[in-house]
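Asks: Chains as they are written, first to last, in this note's numbering: chain V, 165 to 429; chain U, 129 to 432.
If you're looking for bench data, these hints aren't it; they were derived computationally from the structure. Because the structure is a prediction, the values reported are computed rather than measured. Incorrect hints may appear among the rest.
Said to hold, decoys possible - A partial selection of chain U residues facing chain V, derived with a Cβ cut-off under 7 Å:
| id | residue |
| --- | --- |
| 1 | TYR247 |
| 2 | PRO249 |
| 3 | VAL254 |
To be verified - Some residues of chain U that are not near chain V, with every Cβ distance over 10 Å (derived):
| id | residue |
| --- | --- |
| 4 | ALA287 |
| 5 | SER314 |
| 6 | GLU388 |
What the hints assert, rightly or not - Computed footprint of chain U on chain V, listed as stretches where at least three residues anywhere in the stretch have a Cβ under 8 Å from a Cβ of chain U:
| id | stretch |
| --- | --- |
| 7 | 312-325 |
| 8 | 364-374 |
From the three backbone atoms N, C-alpha and C, an ideal C-beta is built for every residue, glycine too.
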Amino acid sequence: MTEPFLMRALLGGMGLALVAAPLGCFVVWRRMAYFGEAVAQSGLIGIAVGLALAVNLTTSVLMVTLVVSGLLVLLGRQNLVPIDTLLGLVAHAALALGVITASLVQGPQLDLMTFLFGDIFAISRGDLRWIYIGGIIALAVEIWLWRPLLAICVHEDLAAAEGTRTETFKLLFVLLLALVVAIAIKIVGILLTVAFLIMPAAAARPLSETPEQMAVFAAIFGMLSVALGLFLSVSLDTPGGPSIVLMLAVFFIVAVVPSVVRHRR
Amino acid sequence: MDGRERQPPSSAASGGHQPHPREPATWNGEVVAPTPAPGQRRLAAPSPRQELIGARGILVSRSGRTLLQDVDIEVAAGEIVTLIGPNGAGKTTLVRVLLGILAPNRGEVRRKPGLRVGYVPQRLEVDRTIPLTVARFVALGRRAATAEIEQALREVGAAALLERQVSELSGGELQRVVLARALVRSPELLVLDEPVRGVDYAGEAELYTLIGRLRSERGFGVLLVSHDLHIVMAQSDRVICLNHHVCCSGVPRSVAQHPEYARLFGPQASRAFALYQHHHDHSHDLAGAPQPSPSVPPGAQEFK
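Looking at chain V on its own, in the form it has when it is part of the complex (with noise of 0.2 Å):
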C-alpha cells in the first residue's frame, strides 16, 4: 500500500471521514438525509459550471451547493408541499439539469460514472489540500457548533427558551453540511456522498450511550470503512467509492443486528 495514488486516497478518505462523523450525527437526528441528498445531487450542476468556466471544479461544486441549501431552507418555509417531496423534487430537477449541463459542455464523450460514482484514486495533491483545509475549517466549526445544535436536536423550544440562537445554528448547519458535501463529491461522487454522512452514525447508534460516543464511533466506522474498502477495490478490483460504502453498510449491519435480536425476543 505505498503506491502514491493509493495513499492520496487513504489520506483524503480517511479525512473525510472523520470531518463527516460529526456532522453525519446532526444529519441523523435531524432527520436531513434527503436534504443532503437534494444538495449532493445538485453538485453535477456544479460540476457542469466548473468545466463550462475552467475552474476548480470543488469550487464550482461549493458554489452550487451552498446556494440549493439556501433555496431549500427557503422552500421549507411553505407548508404546501410537504418537506419530502420539496427535497425529492429539487434533488431530481438537480441532477436532470446537471447531466443536461454537463452533456452540453462535455459533448458524448462525457464520463458520468466518475461525478456520479466518484474516483477516489484520481485524488491529486491540490484535491488533497482542499480536503484538509476544508476540513479542518469544517472540524473546527463542527466542534464550535456541537454543543447548541445537540441541544436543538433534543428540544429546539427549551434550547431557544436556554438562550440558544437557534435559527443562526440551523443555518450555520446547512452552510456546513454544503461545505462537507462539496468536498466529499469529488471522493464518492454526487450518489454516494450522502453514504458517507449518514451510514457511519447509523452504525454508531447502537453502541452509544452519550452523543459524544456516537460521533467517535461513526469516525472509527467511516474511517475503517475507507481502509478496507480501499484494500477490497485494490485486491478484486472494484470501484474505489462503491467498495468503501458496501463496508459501510457491513458496519452497519454488524453492529445493528444484537438489537434486532433482543427486540425479538
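Since chain V is already given, all that's left is putting chain U on it; use the hints.
Replies: What follows is chain U alone, placed relative to chain V:
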C-alpha cells in the same frame, strides 16, 4: 441582584395560604378585569417589585386566526403566577412569546437583562435516535460539574436516574429530569407549561409541593401554566385566566369567584375552589368533589 432576596408577595405566600387577601390595601380580594398595567395595582407594595419578564399588548395571529389579543402579563421576582385557561386558549403560545421563541405580531416583551430562565415545556420527548444519558441531558442546560448535576437531580428526587437513557424514562421521571435541567441553570424565573400532564393525582400534588418548596428556598419567580385548578391555585400569588385574552386576574380566591372564571370552567369549579380555600380537612378529586382527609396527597398540607 441577590436571587434569594425575598419580595413581599413571596414572603406572604411562604407563610401559607391564608384565606385573607395578602395586600388588602390594593387587592382587597377584588378581581380586576380587564387587567390594567400591573404597576398601578401594586401601589401599596412596601418595596418595588422587580419585574423578571413581562409583556404588554400582545397580539398573535396565525393563518387569519387570532390566538392572543391585547394580552398583558408580568412575573416579578419570587412570585408564583399561574396561567389558567381551557385547552386551546393560547396559554402555550403566550409562554412561547414570553420566552422569545415566538415573535408576536404586535406588542412588547420586556425581560430583565441577562435573565436566566429554566423552562419545562409541555411535552418533551427525546428522539431515540439520539443516545443521551440523563446526566448529559441535564448538562445541556448549563456546563455543570457532575456534582452539580447530581445535586439538581437529588433535589427533584431523581438521583437514581443519572446514568439512564432519557428516551427510556417514564413521563413522571422525564418531568423531574427536565425540572433538574432547569434548576441546574440556577434560574431566576422558572416556567412550567402544564407540568402535571400525564402525571397521576398524587404525583401532581407532589410536584407542586416540590415547586413551592424550591421557590421558598431559592426565591425564583414561577410562571405556571395549568388547566386544572385546585392545588395549583392554592399556592399561587396571582392567577391569570386566559382565553385568547385575559378574562380575569387576581389572587386565587377572587379569580375563582369571578363570573368570567365560572363561565369558562363552569360553576362547579368556583365552588370546588372555595371549598378548598376554607376547609382544610379534605382534598378534592379530579371532578372537584371533596374527599375525606386520608386521601390528601402527601405534601399537600404544606400549602394550606
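Asks: Next step is simple, just say for each hint if it's right about the structure.
Replies: Status of each hint after checking the structure:
no.	hint	in the structure
1	TYR247	4 Å, holds
2	PRO249	6 Å, holds
3	VAL254	6 Å, holds
4	ALA287	19 Å, holds
5	SER314	12 Å, holds
6	GLU388	30 Å, holds
7	312-325	holds (count 10)
8	364-374	holds (count 4)
The structure is consistent with each of the numbered hints, conforming to all of them.
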